[in-house]
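2 protein chains.
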Amino acid sequence: MELTILGCYAATPRTFTNPTSQVLEIKNRLFLIDCGEATQVQLRKNKIKFSKINHIFISHLHGDHVYGLIGLVSTFMLLNRTNDLHIYGPKGIKEMITLQLRLSNSWTSYGLYFHELESTESEIVFEDDKVTVKTIPLKHRIYTNGYLFQEKIGEKKLNAEAMKHYQIQTCYFQNIKNGKDITLDDGTFIKNDKLTFEPIPAKSYAFCSDTVYNEAIIDLISDVDVLYHESTFLESEAALAGKTMHSTAKEAAAIALKANVKQLILGHYSTRYENISLFKEEAETIFPNVLLADDGKTFEI
Amino acid sequence: MELTILGCYAATPRTFTNPTSQVLEIKNRLFLIDCGEATQVQLRKNKIKFSKINHIFISHLHGDHVYGLIGLVSTFMLLNRTNDLHIYGPKGIKEMITLQLRLSNSWTSYGLYFHELESTESEIVFEDDKVTVKTIPLKHRIYTNGYLFQEKIGEKKLNAEAMKHYQIQTCYFQNIKNGKDITLDDGTFIKNDKLTFEPIPAKSYAFCSDTVYNEAIIDLISDVDVLYHESTFLESEAALAGKTMHSTAKEAAAIALKANVKQLILGHYSTRYENISLFKEEAETIFPNVLLADDGKTFEI
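Protein sequence lines, in the order shown, are assigned to chains A and B.
Residues 1 to 301 (the working numbering) make up the first sequence, in order.
Residues 1 to 301 (the working numbering) make up the second sequence, in order.
Careful, some of the hints might be misleading.
You can't tell identical chains apart in this list, so a pair holds if it fits in one copy or across any two.
As the list claims (entries may be wrong) - Calculated lysine-lysine pairs in the DSSO-like style (CA-CA distance at most 30 angstroms, straight line):
{"#": "1", "residue 1": "Lys243", "residue 2": "Lys49"}
{"#": "2", "residue 1": "Lys297", "residue 2": "Lys47"}
{"#": "3", "residue 1": "Lys45", "residue 2": "Lys297"}
These are calculated hints, taken from the structure and not from any lab test.
Only a predicted model underlies this, so the values are computations on that prediction, with no experimental measurement involved.
Build the full structure now, drawing on both the sequences and the hints.
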């Protein structure tokens, strides 16, 4: 997995900072998560191929997470996209986008599918042979979901030494990777575990923004490799965090600790702070493995 | 008058170019014309005070002219704006903006007034003691208006020599500027034209984008000081211009010539052209006074 932060600042786009959007690449699939204003410009700046984005997950309908979506949908049209595009987000997102298309007398050249969400329980919203995506119900001022991306266990790795030793022909390799035992031409039976190593452990990524401190998410995100948790404020503004239903860096770290995640990435910083390193310092008083998101930054998971 | 180009490229925002938006300053009033995606970022980059914008004129509901409006309306909210904001644009613009506010459960802290247009005849949409704004009905794929901004004749200029000669007290100055004659304490009667010079001629600016070549606008815009006319294409793409209901640089120049305008500014360039100086060259074969709009450029009128 590779995570690219297109924008990770709260509230409004500014000259040098962008509202929330990120691209998660899993085994050559690109998932776009949230789509603040001018996300399409950030995609260009980060040289991400528009045509590889087939699934967009929107957390909630506040502007700094969704106002770039109509522009992206329109630009896909101008680029003569033909692939289907799937958009996952709160109920209302379909009306928001289709009204604007209707008023501009524009219709997409490609299949545009909306998957509107309204459940307050976690549900699987996407699944294929490589990846499962589940919602993480969050608590914010309006209906909001985070998303949990889980790789499926991959195929086993061939033991090159064993292949050579038993002189196994390449036409059997895929069956062996899939876990099958094998019988050689001379009748020798070989168990699969003599021929393979265990697959690379499946990775998982949890995106949680925007949300107030909420222990109800801990079970869902426990043991993930990387948790992106919003930290709009520092503890010095804890009252404001509560009032606006956002989290502080310390609260994000407390969730990371209780969920036993391997790595915490902070983001969604209020633009009132000049120096985002204060968020890392504050979170590290609670949880050791903290990284700071910043626009244009890429993280290997 | 001073015109600042925030964006003047067609279709989509890109890394270094922006969709249509411009700010016209007339006697300390700021008028925003069109509002493509990320216009609020361009306002910041060009150091234009958000709080001075009270009137926004939208030509039509294609994305590259309006998708930045909801973001700007929202940001005004976050900045705790209190002044009324007036938005002029095609019928449907109110629903477009209010639906998005409703879905984000956000309401403006300030008065938000929509003036929806549907007439195909020119009409006065704004007037105060300094400025009149009229629509210029244009022909495009959807309902579109340009806007004609006309300064009203200003007050007369005092003749400083005459003030000194007749020893006129400052308390009379405003009456004299307003055109009144005056009687001195010794009974001498002095006609106003001995005390003043004629006011600085009123300026006018016509914004015409997007539109196919359309001679019907010539009467409305005749003799204006500055005409901004779209030139999406060069003559080499004239067929495409006709099909998409845009103009070529040569057609923009032909309108400027027939309307006897003083200065033509070209803009709304298709992003297919690497070198926009070709637009100027082509227009100058028809009309001499051609300038090229570009993002961040300012023109004194």
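Evaluated hints:
1. Lys243 to Lys49: between (39 angstroms within a copy, 29 angstroms between copies)
2. Lys297 to Lys47: both (13 angstroms within a copy, 27 angstroms between copies)
3. Lys45 to Lys297: both (12 angstroms within a copy, 23 angstroms between copies)
Of the numbered hints given earlier, the model fails none.
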